[in-house]
Amino acid sequence: MKRLIDLLAGLYALLAYGFIYLPIVVLVLFSFQASRFPLPPFTGPSLRWYGEVLGDAKFTHAMLNSAVLGVVSSAVAVLLGFLAAYGCARMRGGMGNTVRALLIAPLSVSYLIIGMGLVVLFNAVGVPKSLFAVGVGHVVINLPLCFAILYSQMNDNIIRLEQAARDLGAKEWQVLALVVAPVLWPALVASFVLSLTLSWDEFLIAFLLTRFETTLPVEIWTLLRSGLNPKANAIGAIVFGVSVVMVVLAELAIFGRGKKQKS
Amino acid sequence: MSAKRSSFSAGLGLLAFSASVLAFSPAGATEELNALVWCDNTDPALIEPFEKANDVKVNLKVYEGTGAGLSILDQSQPGDWDVMVIDSIDVQRVAKERFLPLADDSLPLANQFPEVRMDDILVLDGNRYAVTEKWGFNAISYNSKAFSAEDVSTLKKLTDPKFKGRLAIYDYYLPVLGMASVATGTPTKDFSDATLAPVKDLMLQLKANSKLVGEVSASQTALATGEVDVVVGAGEWVTAGLHAEDPNLEFVIPEEGGILWSQSLAILKDSKKQDLALKFVQHVLSPEGQAALATSSCYWGMPAQKDAALNDEQKKTLKFSSEQQAKDLAASNRYPAPDPELDKKMQDLWNDVLQAN
Amino acid sequence: MRPETIRPRNLAAARPLRHDRDIAMTDAKLNWRTFLLVGPAALFTVLFFVVPLAAMVAVSFTAGGAASLDNYRHFLTQPSYVKALVNSLEVTLIVTAISVVVAYPLAWVLAERVPERWQRAALMLTILPFWTSYVVRSYSWLLLLAERGVVNRALMATGLLDQPLQLANTRAATVIGFVHFFVMLLTLTIYANFKQLSPSYRKAAADLGAGGVQTFLHVVLPLTLPGIMVGAFLTFVLAIGDYVTPQLLGGSNELLMPQLVIQQIGRRADLPLAAALSLILMLVISIAYLACARWLKLDRT
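In the order they appear, the protein sequences are chains A, B and C.
The first sequence runs 1 to 263 under our numbering.
The second sequence runs 1 to 357 under our numbering.
The third sequence runs 1 to 301 under our numbering.
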């Protein structure tokens, strides 16, 4: 019976992964298309589109923009979320509930509204459309997530831990940086990675708040509005390839270190 | 201590943001021209010669739909934009508050196709506010392997059951409702409230036969990949660019007359680079500029200037200056130009058609 | 630096761990510090979220510069607008239901059947596709589902079909595109929930004589419900507000709310109407939030 369940489980997992990877496989396959449309029949492998993408400053620039924007806005979101979660954990009662509700409110608001609201605000105040404006937008959407994740990890054990540290003479910032942060390390990393992922691929806010210096999703969208093109496949494949490499490296760096610490 | 930590992190955050702001502000070295354009104006064959000849950088932002373009202008500071591509039919409503009058003698107007000079809508109170750069037809594009020119010669013929699931409709309400209006007997200049009912009727029948309603790239793709065989509202701007890949893709002006589209170029009133902007306009109207624009990778179209440097093959694909084209021009209607009330009703009608199934 | 290396100021002064009551008292004294910790995030949220939102609300009650209920009136009186909301709700609910049903078994397999040391790798594998561009992925689906696309060709080649399926440019395509994205997301949240389950519950059920199916229905399923509900709510919010997927995959054969909103910005530069429509969407999401509030309470573990 167990064997049967294992077999069904394996089969189901296979089908599920097949479904998840189907568009990826097709995407990568047709990035090597020789003719103009990324459609069957597959007309032999060609690096033509990769050449065009890597040679096009627009795309390499946009990729860089997306990367820097993602890292900076995620770092800010994680930092603010961490401090707020730490502070909120000590707030009891009505005040605490209000602050918590405020901080996670943006989660229930569509990116469209957040983006449009910022358009109205920045226009009134005179902040020009730029990656900085998008950065603000991305922190708005990621801060609640980071806060929620980190807050849910702030259990009483942590409070006891910081009490212990303080009793042993640690200053406040030491408590934060040297006691709480290391303990919450996996949650911090998870929030950072989640924010980075959401920011990296975010289209709507970037579309509304940039002028010429844009992010990758906006650049791809513009490309595809002018006609279907295997160039887009090439970009998707490159991004995918780079992420796989980064994930493998991160895995070795972060969790490899973790394993060493345990032993 | 916590204050120190807080302010330290706040300071770090501020630093990071300042760095990114600085990193992402536009460089000041080369002179720059900011252009709000349609996708065809971004073709490197058009832009690069101008950049090289004048040692400038042209910053391009693509937009779709006059409403979106005006939104972008509204959300910008004066001086943010220098030139703009705009649907000729929309020039009137924004010209006086947004555009710079152009001197007729600075433009090669004598060489334009007379029907597209459109002085009546581009010149207001003696001032020319925009100049036509490209034009074409909203007509019926089709795959000649699936249907013949005779099969698709009028809009009403497309309501026949044999077209079920083989039709696509171009997603722009103005020209398509214009085509429906002409097909039901009302020229577009007479488009009124009374025209709405027969137009809706025809549109619902067409929607019943259609597989999708799509914008430029979706329509092109659907036709090119065989997803559909006929596109209503498309013209040379859909088929001409794809002709090389698939010579079976053709377009035909319906017997009742097609709709003439035209895009024009204008200089923004508060541009800080008016001389450079004028040079740009002149470049786009030059024979080489016109040829590059006409055969842009985004979509092809007819150049406004008769002396565009196109080769014979390209001219044939566009039916350039052919007898047929002269006939088509004579029989064509302009886009409907509704007042805001009627416009709202037309857009609501369009949404009703989209939602019908 | 590890906690052990902090030098105590005075070992003799080191006191034993205090009680919760003492922690609460300490909290009261630390109030100003707490404000400084929470301050930046709260200020940021107020400045860049609350203020713009208030501006949007204000703008939605204007038309042509003057205060007016026209925008909301327009929404209620236009059948195509109301239909857009209905379409959005239908599609989102279908997507949420299908995604949960597909993701739950996968999460279970990952949490329970895959050996511990491979679990993280398997999880990574599940969410790696997140890192191809969303826009490009959606286009890939469009081409996959096209009449002459990979899916139809494969099905016809194996003889299962003799006519290609009309998948692209339909609601089915939109749903498939959404489900693809949200299965990955939901697998994550449900997996996390599974990992938090203490094995003692299951042992207790077994001790009480419950079989496999009974344990699942009465112990595991209720305990993983929070993970399902959080994931489902996230799916609902993200799906109902998404513009890219329905626009690329639906062929404009029907309109959903986000498409309607962008249409107002794009065609008519009608920001007030776009704002009103967005707020109506937000209202719907808030109702959904209230319905799920039980599972979404932000609790510390």
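No lab work stands behind these hints: they were computed from the structure.
Quick caveat: nothing in here was measured; it's all calculated off a predicted structure.
Ideal Cβ placement from N, Cα and C applies to all residues, glycine included.
There's no promise every hint is true.
The list that follows gives simulated cross-link-like pairs (lysine-lysine, DSSO-like), each with its CA atoms no further than 30 Å apart [to be verified]:
(1) B:K345 x B:K52
(2) B:K316 x B:K96
(3) A:K58 x B:K52
(4) B:K344 x B:K327
(5) C:K83 x A:K2
(6) B:K200 x C:K203
(7) B:K327 x B:K279
(8) B:K327 x B:K61
(9) B:K200 x B:K189
(10) B:K156 x C:K195
(11) B:K344 x C:K83
(12) B:K207 x C:K83
(13) B:K316 x B:K344
(14) B:K306 x B:K319
(15) B:K207 x A:K58
(16) B:K269 x B:K344
(17) B:K345 x C:K203
(18) A:K58 x B:K345
(19) C:K203 x A:K2
(20) B:K145 x B:K345
(21) B:K273 x A:K58
(22) A:K58 x B:K279
(23) B:K57 x A:K58
(24) C:K83 x B:K164
(25) B:K272 x A:K58
(26) B:K164 x B:K52
(27) B:K327 x B:K269
(28) B:K273 x B:K315
Just a sample of chain A residues kept apart from chain B, beta carbon distances all over 12 Å, derived [stated by the list, open to error]:
(29) F19
(30) V28
(31) P38
(32) L39
(33) F42
(34) T98
(35) F122
(36) P128
Checked hints:
For the proposed pair K345 of chain B and K52 of chain B, the alpha carbon gap of about 47 Å is over 30 Å, so the pair is violated. Between K316 of chain B and K96 of chain B the alpha-carbon distance is near 39 Å, which puts this suggested pair outside the 30 Å criterion. For the suggested pair K58 of chain A and K52 of chain B, the alpha carbons sit about 18 Å apart, so the restraint of at most 30 Å is met. The hinted pair formed by K344 of chain B and K327 of chain B fails the criterion: a straight-line CA distance of about 33 Å is larger than 30 Å.
Among the hinted pairs, K83 of chain C with K2 of chain A is inconsistent with the structure: their alpha-carbon atoms are about 49 Å apart, more than 30 Å. For the hint pairing K200 of chain B with K203 of chain C, the CA-to-CA distance comes to about 67 Å; that exceeds 30 Å, so the pair is violated. For the hint pairing K327 of chain B with K279 of chain B, the CA-to-CA distance comes to about 34 Å; that exceeds 30 Å, so the pair is violated. Of the supplied pair hints, the one linking K327 of chain B and K61 of chain B is violated, its CA atoms being roughly 36 Å apart against a limit of 30 Å.
For the hint linking K200 of chain B to K189 of chain B, the alpha-carbon distance of about 18 Å falls within 30 Å, and the restraint holds. Annotation: proposed proximity of K156 of chain B to K195 of chain C is violated, straight-line Cα distance about 63 Å (limit 30 Å). As the CA atoms of K344 of chain B and K83 of chain C are separated by approximately 18 Å, the hinted pair is consistent with the 30 Å bound. Proposed proximity of K207 of chain B and K83 of chain C is supported: the alpha carbons are some 17 Å apart, at most 30 Å.
In summary, the hint linking K316 of chain B to K344 of chain B is not supported, as the alpha carbons are separated by about 39 Å, beyond the 30 Å threshold. The straight-line distance between the Cα atoms of K306 of chain B and K319 of chain B is roughly 13 Å, inside the 30 Å bound, and the hint therefore holds. With a C-alpha separation of about 39 Å, the suggested pair K207 of chain B and K58 of chain A falls outside the 30 Å cut-off, and the hint is violated. Taking the CA atoms of K269 of chain B and K344 of chain B, the gap is about 28 Å. The hint holds against a cut of 30 Å.
The hinted pair formed by K345 of chain B and K203 of chain C fails the criterion: a straight-line CA distance of about 67 Å is larger than 30 Å. A distance of roughly 40 Å separates the Cα atoms of K58 of chain A and K345 of chain B; the hinted pair therefore is violated under the 30 Å criterion. At most 30 Å may separate the alpha-carbon atoms for a hinted pair to count; K203 of chain C and K2 of chain A meet this at roughly 17 Å. A hinted pair counts as satisfied when its Cα atoms are at most 30 Å apart, and K145 of chain B with K345 of chain B does not qualify at roughly 38 Å.
Restraint check: the Cα-Cα separation between K273 of chain B and K58 of chain A comes to about 24 Å, which is no more than 30 Å; the hinted pair holds. With a CA separation close to 25 Å, the supplied pair K58 of chain A and K279 of chain B stays within the 30 Å bound. For the proposed pair K57 of chain B and K58 of chain A, the alpha carbon gap of about 13 Å is at most 30 Å, so the pair holds. Proposed proximity of K83 of chain C and K164 of chain B is supported: the alpha carbons are some 24 Å apart, at most 30 Å.
Among the hinted pairs, K272 of chain B with K58 of chain A is consistent with the structure: their alpha-carbon atoms are about 25 Å apart, no more than 30 Å. For the hint pairing K164 of chain B with K52 of chain B, the CA-to-CA distance comes to about 51 Å; that exceeds 30 Å, so the pair is violated. Taken as a hint, the K327 of chain B and K269 of chain B pair is broken in the structure, with Cα atoms around 38 Å apart against an allowance of 30 Å. Proximity of K273 of chain B to K315 of chain B is assessed by CA-CA distance (about 35 Å); at most 30 Å being required, the pair is judged violated.
The claim that F19 of chain A lies off the interface holds: its Cβ sits roughly 23 Å from the closest Cβ of chain B, which is beyond the 12 Å cut-off. For V28 of chain A, the shortest C-beta to C-beta distance to chain B comes to about 20 Å, beyond the 12 Å cut-off, and the non-interface label holds. Against the 12 Å criterion, P38 of chain A falls within the reach of chain B, whose nearest CB is about 10 Å from its own CB. Distance check on L39 of chain A: its Cβ comes as close as 5 Å (rounded) to a Cβ of chain B, failing to clear the 12 Å threshold; non-interface status is violated.
Listed as a non-interface residue, F42 of chain A keeps its Cβ farther than 12 Å from every Cβ of chain B; the least gap is roughly 14 Å. For T98 of chain A, the requirement that its beta carbon stay farther than 12 Å from each beta carbon of chain B is met, with the minimum near 20 Å. For F122 of chain A, the shortest C-beta to C-beta distance to chain B comes to about 8 Å, within the 12 Å cut-off, and the non-interface label is violated. Separation of P128 of chain A from chain B is inadequate, the least Cβ-Cβ distance of about 7 Å not exceeding the 12 Å criterion.
The structure is inconsistent with the numbered hints 1, 2, 4, 5, 6, 7, 8, 10, 13, 15, 17, 18, 20, 26, 27, 28, 31, 32, 35 and 36, although it conforms to all the rest.
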